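Chains A and B supply the protein sequences, listed in that same order.
The first sequence begins at 1 in our numbering and counts up by one.
The second sequence begins at 1 in our numbering and counts up by one.
I should point out that these hints are in silico values taken from the structure, not numbers from a laboratory.
Some hints could be false.
[As the list claims (entries may be wrong)] In silico PhoX-like cross-links for lysine-lysine, where the CA-CA straight-line distance does not exceed 25 angstroms:
#1 B/8 <-> B/39
#2 B/45 <-> A/43
#3 A/58 <-> A/23
#4 A/124 <-> A/23
#5 A/23 <-> A/43
#6 A/277 <-> A/124
#7 B/22 <-> A/43
#8 B/8 <-> A/43
#9 B/22 <-> B/8
[Said to hold, decoys possible] Just a sample of chain A residues kept apart from chain B, beta carbon distances all over 10 angstroms, derived:
#10 22
#11 23
#12 30
#13 34
#14 53
#15 58
#16 125
#17 194
#18 213
#19 224
#20 250
#21 255
#22 270
#23 310
#24 316
#25 318
Please read these numbers as outputs of a predicted model, since none were measured by experiment.
Just so you know, even glycine gets a beta-carbon here, dropped at the ideal spot from N, CA and C.
What follows is the residue order along each chain.
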Amino acid sequence: MVTAIGFEGSANKLGIGVIRDGKVLANCRTTYITPPGEGFLPKETAQHHRQKVLSVLKQCLEEAGVSPSEIDVVCYTKGPGMGAPLSTVAVVAKTVAQLWNKPILGVNHCIGHIEMGRLITGAKNPTVLYVSGGNTQVIAYARKRYRIFGETIDIAVGNCLDRFARVIKISNDPSPGYNIEQLAKHGKKFVQLPYCVKGMDVSFSGILTYMEERTSNLLRSGFTPEDLCFSLQETVFAMLVETTERALAHCNSSEVLIVGGVGCNVRLQEMMGEMCKERGAKLFATDERFCIDNGIMIAHAGAEMFQAGVRMRWEDSGITQRYRTDEVETVWRVD
Amino acid sequence: MGDEVQPKEQLKINIEIPFPDKRTARIAYDVLRVDKEPKRSGVVKNLSVNETVLEAEFSALLARQLRVAINGFFDKLDLIAETIEAIGPPVSDSYSHY
Numbered sequence: 001m002v003t004a005i006g007f008e009g010s011a012n013k014l015g016i017g018v019i020r021d022g023k024v025l026a027n028c029r030t031t032y033i034t035p036p037g038e039g040f041l042p043k044e045t046a047q048h049h050r051q052k053v054l055s056v057l058k059q060c061l062e063e064a065g066v067s068p069s070e071i072d073v074v075c076y077t078k079g080p081g082m083g084a085p086l087s088t089v090a091v092v093a094k095t096v097a098q099l100w101n102k103p104i105l106g107v108n109h110c111i112g113h114i115e116m117g118r119l120i121t122g123a124k125n126p127t128v129l130y131v132s133g134g135n136t137q138v139i140a141y142a143r144k145r146y147r148i149f150g151e152t153i154d155i156a157v158g159n160c161l162d163r164f165a166r167v168i169k170i171s172n173d174p175s176p177g178y179n180i181e182q183l184a185k186h187g188k189k190f191v192q193l194p195y196c197v198k199g200m201d202v203s204f205s206g207i208l209t210y211m212e213e214r215t216s217n218l219l220r221s222g223f224t225p226e227d228l229c230f231s232l233q234e235t236v237f238a239m240l241v242e243t244t245e246r247a248l249a250h251c252n253s254s255e256v257l258i259v260g261g262v263g264c265n266v267r268l269q270e271m272m273g274e275m276c277k278e279r280g281a282k283l284f285a286t287d288e289r290f291c292i293d294n295g296i297m298i299a300h301a302g303a304e305m306f307q308a309g310v311r312m313r314w315e316d317s318g319i320t321q322r323y324r325t326d327e328v329e330t331v332w333r334v335d
Numbered sequence: 001m002g003d004e005v006q007p008k009e010q011l012k013i014n015i016e017i018p019f020p021d022k023r024t025a026r027i028a029y030d031v032l033r034v035d036k037e038p039k040r041s042g043v044v045k046n047l048s049v050n051e052t053v054l055e056a057e058f059s060a061l062l063a064r065q066l067r068v069a070i071n072g073f074f075d076k077l078d079l080i081a082e083t084i085e086a087i088g089p090p091v092s093d094s095y096s097h098y
């Protein structure tokens, strides 16, 4: 039986969670929300985490109702992500590990998403689409690693959506992507946008530039913000479904799992579901509690690693802004 | 670039931080020593712990570089102190999972 606490703070979400044997005991989160038209920057995001981290930690421990002595391992996000927020949260995780005299374990953020998705949905060996504000990857498991089959060659799909939300100045609360999704439901007219799949990889920066340059003209010529949100979503999600379908066919897999913040977009789930139906595959997705960055996914992935015997030397308990999904050997997976 | 005169000599600052006891001084040292200064910061940081005192030695060519590194150092130190205050005193006399 492993009880783990996880600290996540690689982007604008600060999350701390406690898990025991796959059972979520507490999952607390707070988000740094910027005014419309503005994104979040490393320094300000780190300050936000700095101000909130101890109150979130207290709340999490109260909710979980476990005493520190019952915790087996303290887990934190080692990377990838923004340096300053990562290191702020890591400082607290390390201090807590020392105070409680518990081992510390750095977890790859992407692995956290995948393992949490598998735990919640029960997917066994899925082809994974990991889509968020910082990452866009099509992943499949083979021989002890999560291998990247395709990814973005520039910005993440969530970054494209977030920045378009800034162009049309919609609210960042609860998240720009959520607000785009709601507007898109009322879109009627489709604007043809660049479609940018390059082999197994995708590209979003050109689409974003296209939108940035033309939005004011399009709005003047009779398109509504709703139409633009709709068109952007349809285009970028089609690209993601296309590459995921190819990976699915290549791996002869029968499961697709969507993880990451963009993964709770219901329209993306619908489109992916349709593709899966045509191929006789099963789609797995989770809701915002587990899709959007959270502490529990770090705790869970860390607990899996810990149980499989992974230990980290204290000297290695730093952070790294770049940390690829396929760098981690998945010793906890037996297949 | 160019408007800053590159002094030849390294600027140095030594800081001593007293702690109430050996164990907390050691915790602060352990937490802080893991984070290396960014490669392009131009700062060399040396940490050591002597009984209840945490000793930090910073050197760099430019005062600006030193300022950035020391601000970051104190931010983290402050966070460690607050964490100890919030979580309570260490449960053991030493850490057994290095």
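How the hints compare with the structure:
no. : hint            : verdict
1   : B/8 <-> B/39    : 20 angstroms, holds
2   : B/45 <-> A/43   : 21 angstroms, holds
3   : A/58 <-> A/23   : 20 angstroms, holds
4   : A/124 <-> A/23  : 18 angstroms, holds
5   : A/23 <-> A/43   : 34 angstroms, violated
6   : A/277 <-> A/124 : 18 angstroms, holds
7   : B/22 <-> A/43   : 32 angstroms, violated
8   : B/8 <-> A/43    : 31 angstroms, violated
9   : B/22 <-> B/8    : 38 angstroms, violated
10  : 22              : 24 angstroms, holds
11  : 23              : 24 angstroms, holds
12  : 30              : 16 angstroms, holds
13  : 34              : 21 angstroms, holds
14  : 53              : 8 angstroms, violated
15  : 58              : 7 angstroms, violated
16  : 125             : 33 angstroms, holds
17  : 194             : 35 angstroms, holds
18  : 213             : 32 angstroms, holds
19  : 224             : 45 angstroms, holds
20  : 250             : 39 angstroms, holds
21  : 255             : 37 angstroms, holds
22  : 270             : 43 angstroms, holds
23  : 310             : 13 angstroms, holds
24  : 316             : 8 angstroms, violated
25  : 318             : 5 angstroms, violated
When the structure is compared with the earlier hints, violations turn up for hints 5, 7, 8, 9, 14, 15, 24 and 25 and for no others.
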